[in-house]
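**Student:** Protein chains in written order, with UniProt numbering: chain A, 1 to 391; chain B, 1 to 391; chain C, 1 to 391; chain D, 1 to 391.
Among these hints, one or two may not hold up.
Identical copies go unnamed one by one, so any copy, or any two together, can satisfy a pair.
[Said to hold, decoys possible] Listed below are the simulated SDA-like cross-link pairs for lysine to any residue, each with C-alpha atoms no more than 25 angstroms apart in a straight line: (1) 28 with 60; (2) 28 with 277; (3) 143 with 130; (4) 143 with 227.
Read the hints as simulated data drawn from the structure, not as lab findings.
Next come the chains, spelled out residue by residue.
Number of protein chains: 4
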Amino acid sequence: MGRIGDAARMAVAEQALAAYAELDAGQKAGFFAQIRDGFSPDPAHIRAAFAAYDADPSAGTLVPLFNAVEPPRQTLLRRLNTAPGATLKLVNMRADLLAAMRKDPSLAPLDADFAHLFASWFNRGFLRIERIDWSTPAAVLEKIMNYETVHPMKGWEDLRRRLDPADRRFYAFFHPATGNEPLIFVEVALTRDIPAEIAPILTAPRRAAADDATTAVFYSINNTLEGLKGVSFGNFLIKQVVAELAAELPALKTFVTLSPAPGFAAWLASGEDPQAADLSAELDLGAWLNDRDEAARLKPQVEALAARYFTGARTKSGAPRDPVARFHLGNGAAAWRVNWPGDLSDGAIRRAHGLMINYLYEPAEIEAQHEAFVRDGTIATGAPLAAVLAR
Amino acid sequence: MGRIGDAARMAVAEQALAAYAELDAGQKAGFFAQIRDGFSPDPAHIRAAFAAYDADPSAGTLVPLFNAVEPPRQTLLRRLNTAPGATLKLVNMRADLLAAMRKDPSLAPLDADFAHLFASWFNRGFLRIERIDWSTPAAVLEKIMNYETVHPMKGWEDLRRRLDPADRRFYAFFHPATGNEPLIFVEVALTRDIPAEIAPILTAPRRAAADDATTAVFYSINNTLEGLKGVSFGNFLIKQVVAELAAELPALKTFVTLSPAPGFAAWLASGEDPQAADLSAELDLGAWLNDRDEAARLKPQVEALAARYFTGARTKSGAPRDPVARFHLGNGAAAWRVNWPGDLSDGAIRRAHGLMINYLYEPAEIEAQHEAFVRDGTIATGAPLAAVLAR
Amino acid sequence: MGRIGDAARMAVAEQALAAYAELDAGQKAGFFAQIRDGFSPDPAHIRAAFAAYDADPSAGTLVPLFNAVEPPRQTLLRRLNTAPGATLKLVNMRADLLAAMRKDPSLAPLDADFAHLFASWFNRGFLRIERIDWSTPAAVLEKIMNYETVHPMKGWEDLRRRLDPADRRFYAFFHPATGNEPLIFVEVALTRDIPAEIAPILTAPRRAAADDATTAVFYSINNTLEGLKGVSFGNFLIKQVVAELAAELPALKTFVTLSPAPGFAAWLASGEDPQAADLSAELDLGAWLNDRDEAARLKPQVEALAARYFTGARTKSGAPRDPVARFHLGNGAAAWRVNWPGDLSDGAIRRAHGLMINYLYEPAEIEAQHEAFVRDGTIATGAPLAAVLAR
Amino acid sequence: MGRIGDAARMAVAEQALAAYAELDAGQKAGFFAQIRDGFSPDPAHIRAAFAAYDADPSAGTLVPLFNAVEPPRQTLLRRLNTAPGATLKLVNMRADLLAAMRKDPSLAPLDADFAHLFASWFNRGFLRIERIDWSTPAAVLEKIMNYETVHPMKGWEDLRRRLDPADRRFYAFFHPATGNEPLIFVEVALTRDIPAEIAPILTAPRRAAADDATTAVFYSINNTLEGLKGVSFGNFLIKQVVAELAAELPALKTFVTLSPAPGFAAWLASGEDPQAADLSAELDLGAWLNDRDEAARLKPQVEALAARYFTGARTKSGAPRDPVARFHLGNGAAAWRVNWPGDLSDGAIRRAHGLMINYLYEPAEIEAQHEAFVRDGTIATGAPLAAVLAR
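With the rest of the complex left out, here is chain A:
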């Protein structure tokens, strides 16, 4: 496409994307390999540009080196993006690529190109936030319904129950080039205290008004397009929603999540903590599910290990083991309180023995906590969690 004019390129890009859509998974993998190899920079150019830079490393010699090194694949993808509706197609193309990479990891360099471009294209500055409610177009609501995986919805009535009452809010980010496709969305309940269980939020009767709410609970955050993996929106969305809610409802004082703990059961079973193995086995037996006394007996142990899990369990690189914890603590939130049992749905039992946790977004603390977390891995804890740790 290099030789042809801008507008002609647009037509060629359209045809190329249409042709791509006809390929099966195997052909797509072949296509990806072809692009990876066929649109590589010329090693001779790179070597020459490097030699010049090496002789005199300066801003002036860097420009030609950068130009020599930048993969022509990126230019190709930018040109494909001129076709009408191309952006969403390219996002979905990368989802195909991620799937193909599971079989053929050597495609990763092409993924790096996608990731690099998408970070530019889906820059926060280009996103717009929108409230989602019962007057949102049905086509968007249907997407929301399908994309909700944290606490899946059972249909339109369930969606309406979460969207429509006065004490509920949905917000989503949209990008102008991907139209009515939500990129990420968050579900919020407005309450009068910090909830410990998800079921009442999903099913209980609502209050008629939101004015007396003191607490905004972020109880589900969903990324939607697999092809945007690694492009981070969540932090911006939470911050923006906090700002909008604070402006709309001055009585709101507390901004908190009610979050799953998807890595808890696996960590417990791993026996990494010496006291975990027995508890893991007991929880697996499941007697506590139907026996209130048994649950009451286990509760202090679960809380204690949960507290250790969130504050002590780390990956090799020192990050929190729990992926949701990584996200919220990285945003500057504090681990506020462990809640057990907080979610009795099948998935939550399997992944976390029903454990949930609140992360607190305290606007005045976010920045300092975030910095401490980034600098030396310090995890901010709330009073309830600290009390458990101190037991």
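Following the hints, position chains B, C and D against chain A.
**Tutor:** Using the frame of chain A, we list chains B, C and D on its own:
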């Protein structure tokens, strides 16, 4: 900004842009030099990544090399772009940079970073076309009025004369992140023949309807934001407007420009063409301006030299000398007819002795003409121009 | 409310409507009686104005008579309508009134006031047509779903099946003062022939495109707000939809309904036609529902009587007995073809033994047929129906 | 049009309005007379309906009498209103009628029909308020510019000066059936005290922000369409704007006008007040216009007579003589302060010797003041005016 979280970055970006706005020109130049030098990649990293690539030049070793070579300046600019309204501010920052470069060309590497990012951000896929008319918000119309430099407007009445009649059209590209700022716009007159003079188009009474028009005349194309220099929109805009007009008014058969020839007077004066010097002097005298006979006498010579100018005068790299010609011929248009005198405004007299030219956009020929132009510099000529050349 | 200022009235109107909303059915009936009597014109004024008119019946003496006769109730309703959101509340108030009138017919004069005002307020000139599709706000779609009574919907999936395919259309009228409340809507299927049965339209797979459709089938028309009884929208809506579809899809040549015959079973049972009684009894037995041969045997008789029903059965005032026939024939449509069995749903069996009919809207004939119908009750018939009559 | 169907009527209405548009003033007058006479109710019907009513004056016998008396002209106008864009055409038709009535007052009964319908169609419940600013479509701004007659604008720059600064507001009412045609608009300046002169408001530099304003000054209210004469919007608009401003800018405490006194010069000249004749003559001489001392000398006398004018000068029916005073006092405002000289424009000198007045809208007092004004003509006065009266 590297260590801090996404949302905190947004606040820092906002403060940084606010602080930048307070700087004077000298301080801005200092700021640019600081960024150019302070956000450079580490030569040691580059050398190490190059060594690995050099040993095994592959897609896999290219990724780390690319990451090492990519100037942190680009990451910085992307982060600044997370602030509300940042995109336009960054575009204007680059306009400042271009001004500073005139004094200090060593700032060019930073400009390369801006150019690289803007090519991505202002991708055609993100632009939307809009018709501009008398129901457009006044704030946008005012910008249009100020940005029109090809045939400047004298005020609101003049604007209205160009916008509002049934046989006139304005179209502009907008980008979602720069709001109501037109990036480029084109002015169109719907006529029944190919015009040779600009004055009647700017001032003559209009026809009541557009249905019987056979010809769409693109008589003014204006880029607006200096900071977007080098990001090309014009070709896309013309193609899109041709498509929209053809769909709206099936009677339209001819799509043509009425364009200035801004380099003609200088070329003539340069004496590059042996017959030019005398003519240049005669035209400079200006007797023809008030003497119809004199003008008639000069006309054949002007036309002959104009034809040679458009088809023969080249830059060192072989491109047409005339910048407007480069644009339209590069888009695949044909040089249709030279018109003298076509524009008696001061600027047009000074730059082109009043010469104008029509470029013809013939949809069926555009692609082939564009390719021939790119491949070997072939300039497509229309019958009237060919006739002059053959005289 | 007469003595107070405009803006104060607005607040009083708001309070009055809020107070009304708290009343139970009995209190509402009392309120209606009170208004009917308390806001009556003064007989003395009327007599005086009449005397002046009677002495000199002219445009000049009519004005005071009109003013004396116009019930202050209308002024009251106009003033109530200044409150925010009042229009829909007044429409619903009239629905309450209609319910109350079933017990107390003496409230009819108040209903005449509502009807008079609504005819003015809901003038065609104030309505806007909108296409309803899958990008319509869910809140509107939910209303549509609830208001559909001709062929009720089973839920969101059913709604989507009717709205979303390329060969389906919904259109509705909205009034600016009643917001997102559809006043009437029509459901259209785009087909390649005139359908005789409703089931395939409601359930069969759809064609991917609408471009090759030759026939637009109006298969369901629903008025929504009971309080707008007697304010006619249907004729305007059909005409407007015909115009929009003809403009969008030039291949459409036939505009036809597939309509119920809600009065057929009752008419047949009435024995008004000497041959009807036996057929009515046989159809009631219902053996034909499961016995194809039996149905085939009865078919000619049903068709013959149906043809007589649509062309001969009249009310005392000479109008067609069938209410749906009155509507479409009054609009200038022709009774095209009787279809039996066309609808095997319970309601259609009960009211019409499953009979359906197509009314043809032939743009070139509509006016003449309408006039003939209004002038002397002439019913236009299509060839298929004429053939049945001629058997 | 009575016999034809709804949709056919729409076409006939369209033709009728198009035909009307071709008539000259004389033909229009003829047309009006024809309608007045040709669409009159039947006296025999009226007499019969009256006889029934007279025998038993009840809600039941009133309905047929009302139907007999209602001029068929109103039905005709309602039917014309079904044509696309008809509402504005009918408003303009009434403007023609008002012009024709100046020559032929016998057309008044037809005007009563227009007035009656427009009161219904342009009910407050159907209007929407919109803020007018620099992002408003130019077509609307141009209308605003042309309709401003209280303090005429000199062009776009003048308009911008009134619209665009942070401490200025424009609001207008629109009706859905008349599209982008403003029906009435008000111009507001946000200040820190109650202004006594108009010139600084129209020309002085603006403050950058509106947050510190304590006072909203309504300094120009314009009705736009002559055909809507007698349909009152102003009161509603002021009240709505007060509500919107109070919500947006909580620091606003004072809502006040700066208004002309269009009847002052004539009243002074009339000599109705024994001390007025001399002052009127002196003011007419105009020496005070260029002589500061002379103005200072006259000021107490002007203020004293102005105070008497606003509180004492009445029409035969007891209403305030000044038409602007009638409007604001009728709305419940108080006559706050007389300002002399407040407006040195030609018109203001001619009509009011440059006098202006502030009317104060004190939300807590409006209702009581309005009632007292309506009940017994009591005029609420502010402290400054009271002080002048007490001198």
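**Student:** Quick one: which hint numbers does this structure break? Sort them smallest to largest.
**Tutor:** Hint check: 2 fails alone, others pass.
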